[in-house]
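Undergrad: Sequence:
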Amino acid sequence: MGINDERDIEANLQIGPTTDGMVRLFVEGGGIEIPMDFDPEEADEIAEELQAAAAQARAIVQSAADKSDKGGKKKR
1 MGINDERDIE
11 ANLQIGPTTD
21 GMVRLFVEGG
31 GIEIPMDFDP
41 EEADEIAEEL
51 QAAAAQARAI
61 VQSAADKSDK
71 GGKKKR
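Numbering-wise, my numbering puts 25 at position 25 of the sequence shown, and it's gapless, one number per residue.
Everything labelled a hint here was simulated from the structure, so no lab data went into it.
Predicted model, so just to flag it, every value in this text is computed and none were measured.
The beta-carbon is built from N, C-alpha and C at its ideal position, and this holds for glycine as well.
There may be inaccurate statements among the hints.
[Claimed, not checked] Here are the in silico distance ranges between beta carbons for each label pair: (1) A54 with D8: 42 to 48 Å; (2) M36 with A65: 30 to 36 Å; (3) G21 with D66: 32 to 38 Å; (4) E10 with A64: 22 to 28 Å; (5) N12 with S68: 32 to 38 Å; (6) D69 with I15: 32 to 38 Å; (7) E48 with E6: 24 to 30 Å; (8) A54 with I9: 20 to 26 Å; (9) V27 with E48: 17 to 23 Å.
All chains, please: the whole structure from these sequences, using the hints.
TA: Okay, here's the thing in structure tokens:
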């Protein structure tokens, strides 16, 4: 199983601060609950990684759209 493999599993994700000053990612699905606690600095690093991945995903979508425009009707 890799990051690019699809699965038919639904899950909920909750993100928030704990009373202990940690940031919790809470994943629930398929009868499993996974609480993951991070200190604020780690949470910032995760947020940066999410933003970088989102930018890469946008670039992939844009590249695919650009390629389909070249093969389709010409723009006027």
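Undergrad: Now look at each hint and say whether the structure bears it out.
TA: Each hint, compared with the structure:
1. Our hint of 42 to 48 Å for A54 and D8 is violated, since their Cβ atoms are close to 24 Å apart.
2. Between M36 and A65 the CB atoms are about 35 Å apart, so this pair conforms to the stated range of 30 to 36 Å.
3. Checked against the hint of 32 to 38 Å, the C-beta distance between G21 and D66 comes to roughly 45 Å, which is inconsistent with it.
4. One distance hint, 22 to 28 Å for the beta-carbon pair E10 and A64, holds here, with the actual separation near 26 Å.
5. A hinted range of 32 to 38 Å for the beta carbons of N12 and S68 is consistent with their spacing of about 34 Å.
6. Distance hint check for D69 and I15: the Cβ-Cβ separation is about 37 Å, which falls inside the suggested range of 32 to 38 Å.
7. Checked against the given bound of 24 to 30 Å, the beta carbons of E48 and E6, roughly 26 Å apart, stay inside it.
8. Between A54 and I9, the C-beta spacing of about 22 Å keeps the proposed range 20 to 26 Å intact.
9. Range check, V27 to E48: Cβ separation about 20 Å, and the 17 to 23 Å hint holds.
Checked against the numbered hints above, the structure breaks hints 1 and 3 and satisfies the rest.
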